[in-house]
Amino acid sequence: MPELPEVETIKRDLEKEILYKRITDIRVCLPRIIKLPGLAQFSTGLKGKFIKGVKRRGKYILCILNNDGYLIFHLGMSGVLFYQRKNENISTRIKEKHNHLLFFFEDGSKMIYNDVRQFGKIWLIHANEKLPEIESLGWEPLEDSFTFQEFFRSVQNKKGNIKSLLMNQKNIAGIGNIYASEILFLAGIHPLRKADSLTENELRKLFLSIRSTLNKAVLARGMTMEDESYFDLLGKPGNYREEVLIYGKKKGNCPTCGHPLSVIRIENRSTYLCPNCQKN
DNA sequence: AAAGTAACCTGCCCGC
DNA sequence: TGCGGGCAGGTTACTT
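Per this note's numbering, the first sequence starts with residue 108, numbered consecutively.
Honestly, I wouldn't trust all of these hints.
Unchecked claim - Computed Cβ-Cβ distance ranges for the label pairs, DEER-style: (1) T131 - Q225: 24 to 34 Å; (2) Q225 - R376: 17 to 27 Å; (3) E213 - K301: 34 to 44 Å; (4) Q148 - M184: 21 to 31 Å; (5) K266 - N194: 30 to 40 Å; (6) K266 - L143: 28 to 38 Å; (7) N194 - D303: 57 to 67 Å; (8) D175 - D214: 16 to 26 Å; (9) E242 - N308: 32 to 42 Å; (10) S377 - N173: 38 to 48 Å; (11) P144 - F226: 19 to 29 Å; (12) P382 - D132: 52 to 62 Å; (13) K301 - A147: 42 to 52 Å; (14) S150 - N264: 41 to 51 Å.
Claimed, not checked - In silico PhoX-like cross-links for lysine-lysine, where the CA-CA straight-line distance does not exceed 25 Å: (15) K277 - K156; (16) K228 - K142; (17) K162 - K123; (18) K343 - K228; (19) K266 - K159; (20) K123 - K228; (21) K312 - K265; (22) K204 - K301; (23) K118 - K154; (24) K159 - K228; (25) K301 - K266; (26) K266 - K386; (27) K193 - K343; (28) K323 - K162; (29) K204 - K154; (30) K154 - K128; (31) K159 - K142; (32) K142 - K156; (33) K277 - K228; (34) K265 - K301; (35) K228 - K162; (36) K386 - K301; (37) K118 - K323; (38) K202 - K277; (39) K343 - K202.
Hints were generated in silico from the structure; no laboratory data involved. These numbers were taken from a predicted model, which means no experiment stands behind them. In this text, a Cβ means the ideal position worked out from N, Cα and C, and glycines have one as well.
Start from the sequences, fold in the hints, and give me the full structure.
So, in structure tokens, the structure goes:
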């Protein structure tokens, strides 16, 4: 499911719904998704704690506990977090058999981690502990410190195609397969263009496109496609599907010039483009 | 050093 | 109706 806008949406929902609620119990149905620490320490480390803050870094959600430890989620391809108030049930197509981890709060509410494909990962670490996966992440594209100068520096002299570079989390964190296509289309740049062949002008367009595409998608609360594999914390779909430019429109036409869109494969991922507006 | 492939999983859709 | 192949929002490891 989740790229930066979807993860940011869940982060904001968590801030609204679960802060300061004490965790009374944990149920782990699929131990494999917990990467750190062991199963027993995971449960005992969380029982009696509460979450006092939530951050996002790339596609990771970091819950700060009252002992300054971190409960960290990466939702993989199909991970979903659901919050249910007491005696409340969310009506979605999410199937119970894919509930892998449950948090029970003192007020009778609960939070469920559901993940069909089981690619998601969860960690519980101490205040002074670091995760290499997070330490190695690149720029946060929506932060003020990510200026055009920094973007320029992070792209110049890089070999390889620009789409793969945009999706490389060590360069910029949070862009996945959907938004890479959207960003490059808006910038009018072919996804297979070599990064080091882009002119400063093109890079300026691309930089603005990263910012505006992601900002727009955050405002829309992310993208829910036909398969409905993404929902926010309260089970509502994201509205970016009303605004999506080309992703998923296999037989669609370019919203700018009307030319039929095409789909190519880059690193084995479907990549949408308009061959007329995005010349290689 | 970069580019390709397989692996980790389940489910759905399509063609035969 | 059933089966096989391909595909799905991610990441990592291993090979050319």
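Any hints this thing doesn't respect? Which numbers, in order? Per hint list: 3, 5, 15, 19, 22 and 38 violated.
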